[in-house]
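Colleague: If you read the protein sequences in the order shown, they are chains Z and V.
The first sequence begins at 167 in my numbering and counts up one residue at a time.
The second sequence begins at 167 in my numbering and counts up one residue at a time.
These aren't lab readings, by the way, just hints derived from the structure by calculation.
Hints may contain errors.
Note that the list lumps identical chains together, so a pair holds whenever it fits in one copy or between two copies.
[Unchecked claim] Computed cross-link-like contacts, EDC-like style, restricted to lysine to aspartate or glutamate with a CA-CA straight-line distance of at most 20 Å:
id: 1; residue 1: K374; residue 2: E495
id: 2; residue 1: K613; residue 2: D576
id: 3; residue 1: K613; residue 2: D575
id: 4; residue 1: K290; residue 2: D531
id: 5; residue 1: K624; residue 2: D576
id: 6; residue 1: K613; residue 2: D573
id: 7; residue 1: K298; residue 2: D437
id: 8; residue 1: K371; residue 2: D241
id: 9; residue 1: K533; residue 2: D283
id: 10; residue 1: K624; residue 2: D573
id: 11; residue 1: K400; residue 2: E447
id: 12; residue 1: K623; residue 2: D576
id: 13; residue 1: K290; residue 2: E495
id: 14; residue 1: K360; residue 2: D203
id: 15; residue 1: K469; residue 2: D336
id: 16; residue 1: K340; residue 2: E396
id: 17; residue 1: K290; residue 2: E562
id: 18; residue 1: K400; residue 2: D618
id: 19; residue 1: K290; residue 2: E440
id: 20; residue 1: K290; residue 2: E250
id: 21; residue 1: K199; residue 2: E619
id: 22; residue 1: K533; residue 2: D573
id: 23; residue 1: K374; residue 2: E286
Computed from a predicted model, the values in this text were never measured in an experiment.
Protein chains: 2
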Amino acid sequence: MRSNMPKQFLSFILLAVMVINTSSPSVAAQSGKARADLIVLGGTIVTMDQARRIIDDGAIAIAHGRVVAVGARADIQKSYFARETIDAGGRMIIPGLVNGHTHIPMTLFRGLADDLDLQEWLTKYIFPAEAKNVTEDFVRAGTRLGLAEMIRGGTTTYCDMYYFEDAIADETSKAGVRAVLGETVIDFPVADNKTNAEAMAYVEKFVKRWQGDELITPAIAPHAPYTVSEEHLKAVRAFSDRTGAPIVTHISETKREVEDSLKAKNASPIDYLERIGFLNERVIAAHVVWPTATEIEVLKRLKVGVVHNPQSNMKLAAGVAPVPRMLSEGLRVGLGTDGAASNNDLNMWEEMDTAAKLHKVFSGDPKVITAQEAFEMATIRGAQALHLDREIGSIEVGKRADLVIIDRDDLHQIPVYGVYSDLVYATKASDVLTVLINGRVVMRDRKLLTLDETAIKKGARLYRERVLKSLAPTSPK
Amino acid sequence: MRSNMPKQFLSFILLAVMVINTSSPSVAAQSGKARADLIVLGGTIVTMDQARRIIDDGAIAIAHGRVVAVGARADIQKSYFARETIDAGGRMIIPGLVNGHTHIPMTLFRGLADDLDLQEWLTKYIFPAEAKNVTEDFVRAGTRLGLAEMIRGGTTTYCDMYYFEDAIADETSKAGVRAVLGETVIDFPVADNKTNAEAMAYVEKFVKRWQGDELITPAIAPHAPYTVSEEHLKAVRAFSDRTGAPIVTHISETKREVEDSLKAKNASPIDYLERIGFLNERVIAAHVVWPTATEIEVLKRLKVGVVHNPQSNMKLAAGVAPVPRMLSEGLRVGLGTDGAASNNDLNMWEEMDTAAKLHKVFSGDPKVITAQEAFEMATIRGAQALHLDREIGSIEVGKRADLVIIDRDDLHQIPVYGVYSDLVYATKASDVLTVLINGRVVMRDRKLLTLDETAIKKGARLYRERVLKSLAPTSPK
Chain Z
167 MRSNMPKQFL SFILLAVMVI NTSSPSVAAQ SGKARADLIV LGGTIVTMDQ ARRIIDDGAI
227 AIAHGRVVAV GARADIQKSY FARETIDAGG RMIIPGLVNG HTHIPMTLFR GLADDLDLQE
287 WLTKYIFPAE AKNVTEDFVR AGTRLGLAEM IRGGTTTYCD MYYFEDAIAD ETSKAGVRAV
347 LGETVIDFPV ADNKTNAEAM AYVEKFVKRW QGDELITPAI APHAPYTVSE EHLKAVRAFS
407 DRTGAPIVTH ISETKREVED SLKAKNASPI DYLERIGFLN ERVIAAHVVW PTATEIEVLK
467 RLKVGVVHNP QSNMKLAAGV APVPRMLSEG LRVGLGTDGA ASNNDLNMWE EMDTAAKLHK
527 VFSGDPKVIT AQEAFEMATI RGAQALHLDR EIGSIEVGKR ADLVIIDRDD LHQIPVYGVY
587 SDLVYATKAS DVLTVLINGR VVMRDRKLLT LDETAIKKGA RLYRERVLKS LAPTSPK
Chain V
167 MRSNMPKQFL SFILLAVMVI NTSSPSVAAQ SGKARADLIV LGGTIVTMDQ ARRIIDDGAI
227 AIAHGRVVAV GARADIQKSY FARETIDAGG RMIIPGLVNG HTHIPMTLFR GLADDLDLQE
287 WLTKYIFPAE AKNVTEDFVR AGTRLGLAEM IRGGTTTYCD MYYFEDAIAD ETSKAGVRAV
347 LGETVIDFPV ADNKTNAEAM AYVEKFVKRW QGDELITPAI APHAPYTVSE EHLKAVRAFS
407 DRTGAPIVTH ISETKREVED SLKAKNASPI DYLERIGFLN ERVIAAHVVW PTATEIEVLK
467 RLKVGVVHNP QSNMKLAAGV APVPRMLSEG LRVGLGTDGA ASNNDLNMWE EMDTAAKLHK
527 VFSGDPKVIT AQEAFEMATI RGAQALHLDR EIGSIEVGKR ADLVIIDRDD LHQIPVYGVY
587 SDLVYATKAS DVLTVLINGR VVMRDRKLLT LDETAIKKGA RLYRERVLKS LAPTSPK
């Protein structure tokens, strides 16, 4: 299911060992212990490694943003010392959650319009609201709001598609959050770029600026096969081939999209994209609600990442993706919230809970999508869907130290009989206590350390007034 | 949709006016203002009255456990004074949520077994666990845990079916929570009663003890038409006719139940229950997943209360109840969580969110079950389903003062464009700040006032050890 250990991973371990062996004299002063930057001590570690090890009373040593050791508390304490220690006794430590699909600035449109047909929702509310409000400053304010909400809920990596993605990268980097950020390419004028040429030039500069960054993976995001021409899709793929940038897109979200594609292109969206040579192991496809069994084979063969958005698909009545089949076929399937305008939050806990329950009732089989599988989709499988599983998605030596510490003392979590059941069916975003990304503490004991929560709320409320004013004649409620 | 104003309601208003006019001399001292026990001041009041009024910067005056005035803050302040005032400025005040279906002590089995076929789940885990563990003390410990979780999430009324219901009533009353409590009648020996005669004697005593209580409505709970004989169901109905006690039951939960009923009784469960004269306006039926259009007519004509449990029905793959049709037919339909062993929490916020989303995707129509309808099912329609809408379910003069104050300052709730959208799609249990039941503050600023949270957690964890020990040879994970 997982790729073989990559070369860079092996080199890192060698490097880590070298660092340990050659570091400063204080190592000796600590009677042979190796130095780490930070040690998380105690608690139950849900590693999500290949063996799915769960370590009671464990510990994690972190150096240079990566996990250098994970194991029993006593063993780690014997071998490592660090200036900083986080006591996680009695708590649960999990890999940071991966939100595989967002339009992060749309937090500012949260609840602007609900309970509508997709077309009406888009054309009467969302598109006009975007046309009248989306500026770089709007995008920055919405991004900060979304980042704060995601950190608070234990999401450490997200994958985005929107406009002004360079500003989103800047805000995300400043907040210390990991992300795959896709700048939109679409065949009509949008907030930041008015032509395809402008968009491609933007992406060129954007990818050059951020590639190699420890947190930000810049990407190109053709909106969907029905809003971007074949020629432009091929140019996107060529750009990705040349730069190595991932491709973020929407595929097969609604039945109508499939029917329209069959009419216009004599092929379903996935068949069409395969035919024009668009799909490969750098593509991250959101939704994929309506693939046939043959198309699932195509996605598997071409190693396409798939992001399932159960709550958005339910709310917009898009349909139920064949996720149990995708999982049994071993596809790279993650979970996402979609934008806050169609969800209406960025809460991965509710997404896990919903994924497990939705597929049970839809298939009539209460055994499909177990709690463990739902949790996998939010962690290691989510990392696979973003093609980042060499770096994140589990707590393993050599991987980035993206960790979440969960409080286990709230009434709704008591008692606990099984770890995955507790995580998926009982734990809430409000139980997230402390969050580390790339070894850096970005939330400690529910206090955000890299974002100014008061200023973010104030800014969001100001934008609410502007949005309402801009839509005044057609305001929904 | 709502019943006409009942006589007792009118009498109450008269009483309230009399109380105001004849109360102590301090009325005069406050320059003609009437005395209330408590005033909730400021905030947005979501009344759920017949006009669905939403009052910005409102206030609510409470006396003798009931709402005596609700309106604009300035008007209430002009007319009432009270020793105690709760400042709800900037917050939202809603009617207390109604959880229409629980097995409250099963909180102690939360997450004991998941992702299994209903039969396997019941026969391999739940029934053995119950047989080996359920005592009156277990029921008390589980009830306290469930009460604490429900208060924290803004539930002020619940409807239960379990064993030792007299102990549940005692704990519920002590915690100051409102409930319809149904003592189980079932045709095999259970934890508290070994025969039908014993159960009927228990119910007789139980109903006599609690009838007339301000908080507790004692009820009789025949488990289901397939576990209670026709003779015993008729005796239940006769008991209810004689005492006026409501009847809590499960009807038409699974397709198999319907098929078995058709084979054994040549009638679906609802047809069968109508034929034997069981159904009336005192029946509260949980689930009702598989009714035909004709059967929906029967439920409507006989004024049966229906409780929809979307998350439980999803997790056990029971099916999707035809709730949009039930609502458009004007049935009395509420929402419930079911027991924590099959959900795995008692969270009405997630139930509302799920109800709205599930029916959209299942029907393919994003306009069914609007946010407002979902909120109605958790409040006024939920009260109708329990046949308690003369007393609770909305914030109106004469009704019981069951109120919940919601904090609106968490990141996931910002910005707000529509009240019902905010409540159903964005608000979480963790946003509940203060809870009043029958005019009494049972949680203030997230601190439980009628329950000892530390002792409850300790007790629940002790029972976890016992449950695991009792199941040791067949422990699930």
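Colleague: For a quick check of understanding: which of the numbered hints are violated here, in increasing order?
Modeller: Result: hints 1, 7, 8, 13, 14, 15, 16, 17, 18, 19, 20, 21, 22, 23 break, sorted rising.
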